[in-house]
Every structure is written in structure tokens, then in C-alpha cells.
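Number of protein chains: 2
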Amino acid sequence: MCSKQNIYDNETFFNGYKALRADSVNYNILLEQPIFRKLLPDLIDRYVLDVGCGMGDSCIFYEKIGAKKVIGIDISNKMISEARRRTNSEMIKYYNTDMCDIEKLETRFDVITSSLAVHYIQDFDSLLKSVYHSLNSGGYFIFSQEHPLTTAPLQGVEYTYNENGDVIHYNLSDYMYSGIRKVEWFVDDVIVYHRPISEIINLLIQNNFIIEQIEESTPSNNALAQCPDMSKEFHKPSFLFVKAMKK
Amino acid sequence: MCSKQNIYDNETFFNGYKALRADSVNYNILLEQPIFRKLLPDLIDRYVLDVGCGMGDSCIFYEKIGAKKVIGIDISNKMISEARRRTNSEMIKYYNTDMCDIEKLETRFDVITSSLAVHYIQDFDSLLKSVYHSLNSGGYFIFSQEHPLTTAPLQGVEYTYNENGDVIHYNLSDYMYSGIRKVEWFVDDVIVYHRPISEIINLLIQNNFIIEQIEESTPSNNALAQCPDMSKEFHKPSFLFVKAMKK
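First to last, the protein sequences are chains A and B. In this text, residue positions in the first sequence follow the working numbering: the first is 1, and each later residue adds one. In this text, residue positions in the second sequence follow the working numbering: the first is 1, and each later residue adds one.
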């Protein structure tokens, strides 16, 4: 079944995450968001759902570029409250709903998006079935997630450095072992699910999605200037992006 | 343009490669071939082309499982001579032709395959255009190649071992730097071309192929029993497999 992990309602985690997102030099704003937004189709007059909407940044953006109706769902009540507080539009609705319960919204969407959330889901197959059910024919599912190279190591993300402190390589292990990973991020033992890229792609295809585009994160020159440490992305990308169309 | 590298006609390389393939405990037979063959559609009465056919193993197999006509091409004259020597069927033809010159065959195929060859090609986009042109509508292009995790490091494939000699991780670097790599394999400076997985998938899609299945190599229990060193595949797969259909 779908995972019901709700780490974002943990006080320590939520405050850490909020502070991270408030800083404009972060991986979301400099790296993830620009690549993600380039994958979006024209949203004018479209019905859009954002799954794992967090503090509502994507929903607010979708409404701004012309979406007719935007729904954001998140399992974290704290996130939904924060999203509502930040939003000034009647066109955007937020619900404190698990991403596995999309079908309960009883709405069909033209575009369903999800930014950095699906790696929290144990049963990706179930999520895809729900997304498929709730998309109009020809509609898009566009998502980003932690790159499988990032989630692979059972020991967590580690690099090897030379004596000058430069990265010489990323320590890749366990890539083909699909399954649970415990990672530290603000708190101990945040649970994510590692899937090799072939597993992700094949599950989409088996669920009648057509793969339209795949991206792996690389920083722009602007991002590198603000955050030189992002050159590590050239050794091992942090994020994977998929644009898929419902057949 | 397409690369005309013909390392297989180098005497040292050819003899080393032939000896490797003659040994039944090798990565081709134990790892690559079983995964590749599971991707094949029904070949009965089909026209099949194998690109970079080497010593003809695949062509001979395709004829055995019912293909009506099989053509194998290879840039290496030594390989083509060896393939002809091993083949006892009028249904199979071999040509000493570069893989970028598929269109010159003036035949349309139902299935085009290529086993561990496309990483030698500089201009993958050109190859895909040729393959597309020479496939019947709804036909399949099925290929394996060195996995991008294998071709990524500018310094070549290296692992880090613990004091017992067990692999603790693969040294991954330069994954997002698409381009030329010089590797040692029997001789110095065999040239391969590294492309991140997103680049490979997107080029296929841009050339009007539909991605049907992706596989990354993992050894069977039988393969592991014969070659325990293959457990390294779980850290970093050696091969990537793609099954794509012409729209």
C-alpha cells in the first residue's frame, strides 16, 4: 500500500525545512525549480493538481501562468496551513490529503505535477494507477524526485575528496537494490524508497504512460556562481525529472 | 558524423576479444545475452538486422528462432569473416558495413538490434535517424550498450575496496559530462562516447521512438554462482538495455 509517512509534521523537521526554503540559495530554487518548470505544457485554462504541494509555491505559480483551477494536496497539516496562509487566490484549493488518495478528489485534471515527493512513496505503482485514473486522456504527469543515484547507497550520500577538499568521486553503492532507505535530513531516519531508473520508467510504461522527456539535474552558470558546491551535480545529479503522457 | 572507429580490426584487440568470447564464463553470455534476448519480440517470419554483429552469435540465434531473413553488419572485416565462417544458413547475410550506413542496405526491417555497439558511436542522433528510416512502422529497435554509469568516469572504471577485498563502492564521477572517453580494453585508448541516460532516452523520443522497456544489468543466481565477482553489478550495472518502437 501507499506509505503514510508524514515527516513534515515533525516540529524539528518542519522548522528546518522552512528555514531551508526561506534561504534563496537552495537546491530547490536554483536547481530543481528551473528544470521542472521547463517541462510544463501550456497551463492556460487547465485543471492542475500538485501532489505533495508543500508550502504552495508550485500552485501559486500555476495560477499565475493561467491555470483555471489548481488543487494542492499534502499529507502534512503544517504544510497545508502554511500554503493557505501564503495564497491569495480563490482559484487555488489546498487539501490535507495523502498522495495515494487522489481519486477521492473526484476531479479530472489536465496536468498532475509532483515536486520531490514520490521518493517517499513505497508503492509507486499504486500512485501511478491513481494518477492515471485522475488524468484526462492526453494529460501529463510531470514529477521530480531524488535521483536514484542519490537514493541508492544504503549508507547515505557520501563523496570522496582529495587533499584540497575537491570532490574526486561520488561513492555509489547498492544502486540495483530497490527498496527502503533511511536517511538523515534535519532528523534521524527519514524514510525514502530507492528505485533504479529502469524500475521507475517501466512502471510508468506498464501503467500506460508514454515517456515524453527525462531530465537529470545540472546547474546553470547562475546557480554555480551563487553556489559553487553545485559543481558536484556533474558527478552525480541530485534530481530526476520525468514528463509522461496518459495514453 | 558517425564515428568510423574500427578497433576490432586491431590484431591485439581482436585476438583478446575472441579469447574472451570463447570462454563461457563471460559477461556477454552470463549477463548481457539473457537480458537482451528477453526483450526480443516474436521473430517468426520477420526481417531482422543486427548492427555491430561481431562474430554472428545474435544473427545465428535469430534465424534459429524463426526469423525469415537476417542481416548482420559490422565495421570490422575480421569480425565479418569470422561470422561467415561460423554460419551455415542461406538466410543470414553479413556485410562489412559501418553502422551509420544502414540505409545503404535498401531493405526495411521489422526488428533492428544492436548488442554493445552504440557506445562506439559519436553521433547517436544520426544512427537513430538511419534506424528509423530502415524500420517498418511499428518495428522495434532493441539495443544494449555499456551503462552510462560505466562510461561516465573520465579516469575509467574503478571501485573502492575494504581490507578484505570486498567492494564498498563504485567511484562515480563525471556522469553529466557527455562526450568522449578513452578506455583501456586489450589495447590502450579504445574510444567510447558517454551519454547520460536522459540524453539517450530523449534522443530516442525526439526521433519518434516510443520507449517500451528499459533494463539495467543484474546477474541471475546461476551467473553469480559461476562468477561471484558479478555481485558488483548490484552496486553499478555494466549494461543498459532499451526496447523502443518506431511510431
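Possibly wrong hints are sitting among the right ones.
The list treats identical chains as one, so a pair stands whether inside a single copy or across any two.
In the DSS-like style, the derived pairs of lysine-lysine whose C-alpha atoms are separated by at most 27 Å in a straight line are [what the hints assert, rightly or not]:
#	residue 1	residue 2
1	129	104
2	182	38
3	69	129
4	129	18
5	104	68
6	104	232
7	38	18
8	182	68
9	246	232
10	182	64
11	232	69
12	232	182
13	69	182
14	246	182
15	18	246
16	104	247
Simulated from the structure, these hints should not be mistaken for laboratory data.
In ascending order, which of the hints set out earlier in this document are inconsistent with the structure? Failing hints, ascending: 2, 4, 6, 8, 9, 10, 11, 13, 14, 15.
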